[in-house]
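Q: With the sequences and hints as input, model every part of the structure.
Next come the chains, spelled out residue by residue.
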Amino acid sequence: DAGVIQSPRHEVTEMGQEVTLRCKPISGHNSLFWYRQTMMRGLELLIYFNNNVPIDDSGMPEDRFSAKMPNASFSTLKIQPSEPRDSAVYFCASSLTRWETQYFGPGTRLLVL
Amino acid sequence: AQKVTQAQTEISVVEKEDVTLDCVYETRDTTYYLFWYKQPPSGELVFLIRRNSFDEQNEISGRYSWNFQKSTSSFNFTITASQVVDSAVYFCALSLGSSASKIIFGSGTRLSIRP
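Residue numbers (the working numbering), protein chains in the order written: chain A, 1 to 113; chain B, 1001 to 1115.
Just so you know, the hints here were simulated from the structure itself, not pulled from any lab data. Computed from a predicted structure; not experimentally measured. Even for Gly, the Cβ is constructed at its ideal location relative to N, Cα and C. Treat the hints loosely; a few may be bogus.
[Claimed, not checked] A partial selection of chain B residues facing chain A, derived with a Cβ cut-off under 7 Å:
id, residue
1, G1043
2, E1044
3, L1045
4, F1047
5, R1050
6, F1054
7, K1102
8, S1107
[Unchecked claim] Computed from the model, here is a short list of chain B residues facing chain A with C-beta under 8 Å:
id, residue
9, F1091
10, I1103
11, F1105
12, G1108
A: The structure is reproduced here in structure tokens:
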């Protein structure tokens, strides 16, 4: 079975540009999570969805960040406008239910110049 | 408040040595889950194990073993006969029964296995 798929794997952009990260969860998984990993803050949960509905977005840094899950097999995390401090690795994870183990995608390494 | 502490920032051992990665957690909840994830140099996060708070049995999987002790709030991870491929950052993590979706990660231990 395919694992969590993320695209792009690497993204380099300039400050002020819009960035869209994409995630396809494992088929049949009902919960999806977006994490950010930085040296300073480690791994932190940004938002998670259950059955395509956002449940907890308390980790989203600010209004520049938004996430959507239009259907069970696709989610996006958008940053508009991007800033250098947004540079990080962004992980998507999915789980069968919100109570089960989360399986992570390969991550998107974002660099904002 | 919930917290996971991995006091060992970096460990370096010679191949074939045994190595133990420490993890101490804090929570007032009686129902919780503990995890270990591996992050190899390629960057992905690989799930290793999940344990719930009611199961204190130690677990062994090949060269990997986990020691869960509620009395000391620890969930330590031992690699026996380490190999170069074990080199990675290892994260211990905690989630609560009341909000199992939210995983709190430790800061990670970077393990280097020297040939």
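Q: None of the hints should be skipped; say for each whether it holds.
A: Against the structure, the hints come out as follows:
1. G1043: Interface hint status for G1043(B): holds (5 Å vs cutoff 7 Å).
2. E1044: 5 Å, holds
3. L1045: Hint holds; L1045(B) Cβ to chain A Cβ min 4 Å, cut 7 Å.
4. F1047: 6 Å, holds
5. R1050: Holds - the Cβ of R1050(B) comes within 7 Å of chain A, reaching about 5 Å at its closest.
6. F1054: 14 Å, violated
7. K1102: With a closest approach of 6 Å, the K1102(B) hint holds.
8. S1107: 5 Å, holds
9. F1091: 7 Å, holds
10. I1103: 6 Å, holds
11. F1105: 4 Å, holds
12. G1108: With Cβ-Cβ at 7 Å, under 8 Å, it holds.
Hint violations for this structure: number 6 only, all remaining hints satisfied.
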